[in-house]
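Let chain A serve as the given structure and place chain B on it in line with the hints.
Chains as they are written, first to last, in the numbering used here: chain A, 277 to 414; chain B, 3 to 399.
Among the clues, some could well be false.
[Claimed, not checked] Subject to a maximum C-alpha distance of 25 Å in a straight line, what follows is the list of computed PhoX-like cross-link-like pairs (lysine-lysine):
1. Lys356/A <-> Lys381/A
2. Lys317/B <-> Lys356/A
3. Lys49/B <-> Lys353/A
[To be verified] If you want a taste of the chain A side facing chain B, the calculated C-beta under 7 Å gives, among others:
4. Val282
5. Cys284
6. Phe311
7. Asn319
8. Pro320
9. Ala344
10. Pro349
11. Pro351
12. Ile363
13. Gly371
14. Leu372
15. Leu374
16. Gln377
17. Val387
18. Gln390
[To be verified] A short, non-exhaustive set of chain B residues, derived as facing chain A with CB atoms under 7 Å:
19. Ala135
20. Cys145
21. Ile146
22. Gly147
23. Asp208
24. Leu212
Worth flagging that the hints you see were computed from the coordinates, not collected in a lab. A quick note: this is a predicted structure, and the numbers were derived from the prediction, not measured. Glycine is no exception: its CB is placed at the ideal position from the N, C-alpha and C atoms.
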Amino acid sequence: MSEERVPCVEGLFTEEDGAATLHGSKCTGCDTPYFPRSAACHNPNCEESKIEDYDFGGKGSLWSYSVADFPPPPPHKFDKPFAPYAIGVVDMECGLRLIGQMVDKAEDVKVGSQVELVIDTLYHEDDKAFTSWKFKQI
Amino acid sequence: MQEVAVIGVGMHRFGKTGDDIVGTKSVGELCRTAVDAALKDAGVNWKEIQAVTAASSRFSGGKGWGLNGNDVVEDLGSTGIPVYNMSAGCAAGGNAFNVGYSMVAGGMYDVVLVVGGEVMPKGMIQTSGVEEATDPEFLRQRCIGMPGPSFWSTLARRRMFEYGTTEEQFSQVAVKARKCSVSNPYARFQKEITVEDVMASPYVSDPLRLFQICPVSNGAAAAIICSREYAKKFTTKPITVATSTVATMTFDDMLPRGLADPSTECANLHTEAQNAVTSAFEKSGIGPKDISFTELQDNTCYYELAFPEEWGLCKPGQSESLLMAGETTPTGSMPINPSGGFVSFGEATTAMGVFQIAELTWQLRGQAGGRQVPDAKVGLAQTLGLGGNATAAILKR
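Same shape as in the complex, but just chain B:
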């Protein structure tokens, strides 16, 4: 295995179709901006890129087949390089990063472009793409009608029941996130909000309110990764990939993803995320105590409270007190989502795993401005996607 480095990252700021940020830009245009920025950041010429790993979108581009990496290659100039289009729901960006990482680590390629971009349809994500009684997502939506926000609010309600978490505490997570986003030029929302603002926003799925869940966004992110040896040509201080992992959920998981799940003794509700993160700790030899900051998939504020506990970053039931004491801010003892997270960016589904790599890289280089985690040495990233998919990555300087 070769050591793998991140030598360039780039993004297109997230926005909403029709706004001043993304307007009517296509996913191709958004990806172009992100890729150009990443190439420039790395100092790498497009013709030097040996392979592309891309997140497959089900919503935009890719010729309707999820061939989003092919779109990028055609746009930048077809050089005949191999393209890998990875599909893993909202974890696809993390998945693309993992495949790129694995191939560079295995010596297949010296330098790879990882990219994800999205133009999202308005409103709640339509999780089922087929009208077939054999598709669990179809059955869940036709027989019950349980959109993403309800999935998240079920988890939030259970946490309120078990730990006494209040709606104000969920709101405080959003307040913290938006405070970070003020210093992030790529965030869609860049204004501070108050707990009162959050509590005044309408319920999307009681107990979760509009400002406590991420909307859908358009955006793109790209990263140039290469072998440690190859990186020497471009920089003396590359960011190293300590590890990158992919996992799926296990049979004993107790959060029903279809209509029903057999009851088990397992208390975990997102075994895919726990499996990915635990595996990352094991493979890298880096433990929860070594993590300077975490970028986790906060589709809703609930995850910022639950995940750190499930992964051993803090003790079960401790998240609320850490949040209220300011310990999850960039300058606290357990910084979570210094980027502003999904609640500040909105979710451009397949771009998110790559967006996290960009934020980890900026933080580890000390380029994160007002949201900088002081002396950040090791960053953890995690994504989660439909189908019980999850990824994790640990980057270090």
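Isolated chain A, as found in the complex:
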């Protein structure tokens, strides 16, 4: 574990003791959560945008998923040789439908399963492991 771990994009999430925290926003006027952070509320029915920082993690239910059987084009980055992965779309307890790669092998993934957020390696570059949030079936 000497490898340096770096978020693939700064400021979106943090990793502490293996737990994932995603940094979003919430409008306290209409109770709408956002990820990534938003400077304003985008709900056209919200009368006053009152945005606060809102960190979330936790669990959700897998609404659907797909499999990347071929490498996506840039700006995606991946370790070669390319290994297919599943991409989950999850209804989180915090009220967001969130997309992320699955840690689980594609053949094990099932619609409707319970998942939790984790931080995991996406690709390696300059001897560093670049990380992102992913889902893991519970």
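The following block gives chain B in isolation, referenced to the frame of chain A:
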């Protein structure tokens, strides 16, 4: 509002860079062929065209600024006419048609050229054009890696979960589409395939296979539209534009386009398409039951099953049985994509909205040969593009 007519359409057959169809032709050459054919079809001289509405490409031509309409005008001979370059992702062709329609309807111009053409880079479409953490598409590709086919297969997987749709049924959509394409001289693929062929093609994004999604293609399409009054000079049987609409998605849409979406009660996954089509029905006074046939954006076979239900052409969960009974073929009760659709053409992104207008026109004139919808009276077209863009058009004879 003046009534608007389509008096000429033209296309360059779709193909792939390096093949016998498009070879190394530039987007300018492809557009030239389509525009020349449309002018000839209409019997209109280039110098009579009063304005151009063009789809802006992010992939080819347009001086890198999406100025594709300017390229066309320079090629045909600069006459000083106004050019409108419309950007709406894959909905840009439909958008260009709408702007042309709106200006003729509003009396700004008598006769307008609508054009879209594309030479596509190989492989999966690179959806993000910028490397900025403020761009949702950049974040989606860098942090997750979710190309177009995965977007579509997420929808397909959900439908399989909700309705029990099988991979064989998705395959049957492709078989139906390719059967139509045999009679379409502009389709890139013109050979019939079997369910076994489709099932033997590799997964691009499980559960969707190669033959169930559209590849990228090079191609072009053009249409000459004018006021009903102006059309009398050229034809006694013009095709009428009942309406043309543009819409974007609404906040409650439940298909995440970036990284995440707030959960809502809305069940719809493409509110932009539903908004465009619903608005077209309302504006034209034409309802789902009046539609003789539909050309919809089938980037994947999934859409041929989902969209007719979402727009009220049939009931939720009914599409699979209609498909298997042959009702979505040109001679069925609910013909979908008699042209062969995107899965037979491949997607020359910005040309697609105009390609649909060409197919609607040929069908309504009764010129569609072996793929003709018998006694076609009213046609519906729909496009969908990045950014939550969508368009619809209803043409009638």
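Against the structure, the hints:
1. Lys356/A <-> Lys381/A: Holds, at roughly 17 Å.
2. Lys317/B <-> Lys356/A: Outside the cut-off at roughly 46 Å; violated.
3. Lys49/B <-> Lys353/A: 50 Å, violated
4. Val282: 13 Å, violated
5. Cys284: 6 Å, holds
6. Phe311: 4 Å, holds
7. Asn319: 6 Å, holds
8. Pro320: Proline 320/A check passes; min Cβ-Cβ to chain B is 6 Å, inside 7 Å.
9. Ala344: At about 6 Å, which falls below the 7 Å cut-off, the nearest Cβ of chain B leaves the hint on alanine 344/A intact, so it holds.
10. Pro349: 4 Å, holds
11. Pro351: Constraint on proline 351/A satisfied, holds at 5 Å.
12. Ile363: 5 Å, holds
13. Gly371: This hint holds: glycine 371/A lies near chain B, its Cβ roughly 5 Å from the closest one there, short of 7 Å.
14. Leu372: 4 Å, holds
15. Leu374: For leucine 374/A, the interface hint holds, since the closest Cβ of chain B sits about 4 Å away, which is under 7 Å.
16. Gln377: 6 Å, holds
17. Val387: 4 Å, holds
18. Gln390: 15 Å, violated
19. Ala135: 5 Å, holds
20. Cys145: Since the shortest Cβ distance to chain A is 5 Å, the answer is holds.
21. Ile146: 6 Å, holds
22. Gly147: Holds, because the Cβ-Cβ distance from glycine 147/B to chain A comes to roughly 4 Å (cut-off 7 Å).
23. Asp208: It holds, given that the least Cβ distance between aspartate 208/B and chain A is near 4 Å, below 7 Å.
24. Leu212: 10 Å, violated
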